[in-house]
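With chain A's structure known, arrange chain B on it following the hints.
Protein sequences appear in the order of chains A and B.
Taking this note's numbering as reference, the numbering of the first sequence is continuous, increasing by one, and the terminal residue is 503.
Taking this note's numbering as reference, the numbering of the second sequence is continuous, increasing by one, and the terminal residue is 503.
Do not take every clue at face value.
[Unchecked claim] For lysine to any residue, the following SDA-like pairs were computed, each having C-alpha atoms within a straight-line distance of at most 25 Å:
#, chain 1, residue 1, chain 2, residue 2
1, B, 214, B, 122
2, A, 491, B, 291
3, A, 491, B, 485
4, B, 485, A, 472
These are computed hints drawn from the structure, not numbers from a lab.
Each chain, written out:
Protein chains: 2
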Amino acid sequence: MGNIFFAHSGGVTTTVNATLSGVISGYLDHRSTFSNLYIGENGIVGALTEQLIDISQYSPQEIQSIYSTPGAAFGSCRYKLKDPKLQSREFERILEVFKRHDIRYFIYNGGNDSQDTTLKLSNYFKSHDLDIKCFGIPKTIDNDLYGTDNSPGFGSAAKYLITSIMEAGVDLRSMSSTSTKVFILETMGRHTGWLAASTGLADAPFNPDIILMPESAFNQSLFLKQVQNAVNDRGYCIISTAEGIQLTEGERHSTGLVDAFGHQQLGGVASQIANLIQTELKLKTHYAVVDYLQRSARHLASKTDLEQAYVLGQKAIQACVENQLCDSMFAIKRVSESPYQWEVEHVPLSVVANQEKIVPDHFISKCGMNITQACREYLQPLIEGEAWLTYESGRPKYMALEKRMVSKKSPAYEI
Amino acid sequence: MGNIFFAHSGGVTTTVNATLSGVISGYLDHRSTFSNLYIGENGIVGALTEQLIDISQYSPQEIQSIYSTPGAAFGSCRYKLKDPKLQSREFERILEVFKRHDIRYFIYNGGNDSQDTTLKLSNYFKSHDLDIKCFGIPKTIDNDLYGTDNSPGFGSAAKYLITSIMEAGVDLRSMSSTSTKVFILETMGRHTGWLAASTGLADAPFNPDIILMPESAFNQSLFLKQVQNAVNDRGYCIISTAEGIQLTEGERHSTGLVDAFGHQQLGGVASQIANLIQTELKLKTHYAVVDYLQRSARHLASKTDLEQAYVLGQKAIQACVENQLCDSMFAIKRVSESPYQWEVEHVPLSVVANQEKIVPDHFISKCGMNITQACREYLQPLIEGEAWLTYESGRPKYMALEKRMVSKKSPAYEI
Numbered sequence: 089m090g091n092i093f094f095a096h097s098g099g100v101t102t103t104v105n106a107t108l109s110g111v112i113s114g115y116l117d118h119r120s121t122f123s124n125l126y127i128g129e130n131g132i133v134g135a136l137t138e139q140l141i142d143i144s145q146y147s148p149q150e151i152q153s154i155y156s157t158p159g160a161a162f163g164s165c166r167y168k169l170k171d172p173k174l175q176s177r178e179f180e181r182i183l184e185v186f187k188r189h190d191i192r193y194f195i196y197n198g199g200n201d202s203q204d205t206t207l208k209l210s211n212y213f214k215s216h217d218l219d220i221k222c223f224g225i226p227k228t229i230d231n232d233l234y235g236t237d238n239s240p241g242f243g244s245a246a247k248y249l250i251t252s253i254m255e256a257g258v259d260l261r262s263m264s265s266t267s268t269k270v271f272i273l274e275t276m277g278r279h280t281g282w283l284a285a286s287t288g289l290a291d292a293p294f295n296p297d298i299i300l301m302p303e304s305a306f307n308q309s310l311f312l313k314q315v316q317n318a319v320n321d322r323g324y325c326i327i328s329t330a331e332g333i334q335l336t337e338g339e340r341h342s343t344g345l346v347d348a349f350g351h352q353q354l355g356g357v358a359s360q361i362a363n364l365i366q367t368e369l370k371l372k373t374h375y376a377v378v379d380y381l382q383r384s385a386r387h388l389a390s391k392t393d394l395e396q397a398y399v400l401g402q403k404a405i406q407a408c409v410e411n412q413l414c415d416s417m418f419a420i421k422r423v424s425e426s427p428y429q430w431e432v433e434h435v436p437l438s439v440v441a442n443q444e445k446i447v448p449d450h451f452i453s454k455c456g457m458n459i460t461q462a463c464r465e466y467l468q469p470l471i472e473g474e475a476w477l478t479y480e481s482g483r484p485k486y487m488a489l490e491k492r493m494v495s496k497k498s499p500a501y502e503i
Numbered sequence: 089m090g091n092i093f094f095a096h097s098g099g100v101t102t103t104v105n106a107t108l109s110g111v112i113s114g115y116l117d118h119r120s121t122f123s124n125l126y127i128g129e130n131g132i133v134g135a136l137t138e139q140l141i142d143i144s145q146y147s148p149q150e151i152q153s154i155y156s157t158p159g160a161a162f163g164s165c166r167y168k169l170k171d172p173k174l175q176s177r178e179f180e181r182i183l184e185v186f187k188r189h190d191i192r193y194f195i196y197n198g199g200n201d202s203q204d205t206t207l208k209l210s211n212y213f214k215s216h217d218l219d220i221k222c223f224g225i226p227k228t229i230d231n232d233l234y235g236t237d238n239s240p241g242f243g244s245a246a247k248y249l250i251t252s253i254m255e256a257g258v259d260l261r262s263m264s265s266t267s268t269k270v271f272i273l274e275t276m277g278r279h280t281g282w283l284a285a286s287t288g289l290a291d292a293p294f295n296p297d298i299i300l301m302p303e304s305a306f307n308q309s310l311f312l313k314q315v316q317n318a319v320n321d322r323g324y325c326i327i328s329t330a331e332g333i334q335l336t337e338g339e340r341h342s343t344g345l346v347d348a349f350g351h352q353q354l355g356g357v358a359s360q361i362a363n364l365i366q367t368e369l370k371l372k373t374h375y376a377v378v379d380y381l382q383r384s385a386r387h388l389a390s391k392t393d394l395e396q397a398y399v400l401g402q403k404a405i406q407a408c409v410e411n412q413l414c415d416s417m418f419a420i421k422r423v424s425e426s427p428y429q430w431e432v433e434h435v436p437l438s439v440v441a442n443q444e445k446i447v448p449d450h451f452i453s454k455c456g457m458n459i460t461q462a463c464r465e466y467l468q469p470l471i472e473g474e475a476w477l478t479y480e481s482g483r484p485k486y487m488a489l490e491k492r493m494v495s496k497k498s499p500a501y502e503i
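Looking at chain A on its own, in the form it has when it is part of the complex (with noise of 0.2 Å):
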């Protein structure tokens, strides 16, 4: 018999739940294989102060609400575990947490930085001669994971933007005549502009004239003669930035902040980009920064987003009874592209350890700030389908749930 352990690991996004309830799922399915499903309270942090969340003390209503709702239903964490080969006081204590919980499966939710910790507990369980299988289950807004197909979570993502840079351009097209000529939204993505990207996928006359993505280098005079042009043209100009572009060389716009995996807090490149129309064309501009609402509007997530999430979700638990593909990351391979189909397949945990995937050339345009056909093609089915939510006076019903955790049967800790 023996437990599973599940924790996110990093920023929510609007689908992680769907995977938690993938995992919680699968795991019902098979309670005769396993005595109890674990989860970390606030991901890894939950396995070191042992806030283990007991799931067999939720109610099927409870369960059910966990789909519905954005963020991680039980907390994720920026936190990344030491080096053990540097301090192993982190390994070993998660080793004692799972030996006296009897955890013999350990399933984390993350980037690629999240599948090298994976990696790195698996071979010090091995050296440990403990038998724990681990296993990786991708996810990010930022659609950079090496070894997927895309992220989950970045389909969701993506159509937030999409349907809110189309809004700004009705709005702005409604008023451009007298007032505003500019809109810039800026999307997250960290280095790399995905999630800009996709709002390519906006319908015209509200689609961006003009996508910027770190992975082509800024050009100021050809983007100001760019929006000049659309001004010309159609009488306003709407632009969708991703937060890591550089607009002079070798500096990104960063709030001086620096994360647990040493990451730096980046945004407020709009209102730089803002300035600089306002003083070199002298054109009205506006711009949205939407910072955590991109990831978490499970009010507008895509469908096909949530079902990948929670599939990758059954099938870690599927690679936990069948004792098989340990050391693996479920990822979403494309079948086909028209029509759509995707299927679940394995990568090794080695093979996606600490990658990062860009936008490939093939997918910028030739002027390098708007996207091609061919990345519109990939995009598009990624958005497809809504996933309507019950609203109560007038609010989407979100539950926060009770931490209902297992006793503690090791000493206390600090982290």
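Frame of chain A; chain B shown alone:
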């Protein structure tokens, strides 16, 4: 017979097209009473430039698409007519265009500034022995219009902001143990706090701990104390702030630009507050500035708001038919709160012109940084009901109608 002229004025809302739909529907119901319905392209500017959209040139399907698209199908403008006592050229031109096109009814959809314009036009027509009946229909997301219980456009913006802050709140709650502790949502609202106040309807534990409104003086030390208290109590702090608050005495956050009505272009306060919190409390803070998205999120419109906006359009046509209630603005009157019941009333333009309705004292909690139960009861019915859109290929189907004009009959005119 004679023709009707209708125009929007000022910033669009999610539901100005619903008002236009109500006007068109009312007109189509009374085709025997009027010759034609003309819409000013880009608002009153269309009257000056004689760019009059001819509604008879559109198919029922095209007419229907207006209701489901945000923005103004035929444009609005930020253009304030000059006082004819100071410079009469514009009023003379409108009089000429209206005479040549046999306009006998003028319906203006705007804020309190625009009701003033309508009144001035009405007086001007009378003093020139021209029988043109004038009517006003309110609209603004800011809800600061005097003479109406609420402003069409506000309920939908509020519903969008409430959903957004809840979703960001879910995200924050998932991550706050190791990452961001404070999230700030900046709302529009000009010099009033109605939009920020509306976020107080968000469900706990995703509700704002602090709501900053211009009606309540900003107290920095109390504010920082409340932020820290919220983080201590529940691990995170959610803040909504109106764009128009003054962080330091006598200074609003402005981009330095001024619109056609002489209003400052506000904004940027969220980043200032984020800096303040990060500097003083060392708490990781994120913020979102949703800008135009809050006034164009048709995918999340309030059904109540849409209905009210539509009915006001119909009522204005009814008044044209009955040749009464001239020089009135049609307004929403709250007949009962529970159950919510409303009806249309008419208010003299002279009463509403150039007024501003601020959030009253009894809607603001004692600490000045939240809303009262009375405010919640006022706000609640305005966001009720959903109005689902048709999606195609994963995107809402928004239409950009061709602009089909009536032939010009007047000499050219330079604005």
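> For which of the previously enumerated hints does the structure constitute a violation, in increasing order of number?
Replying inline: Number 3 only.
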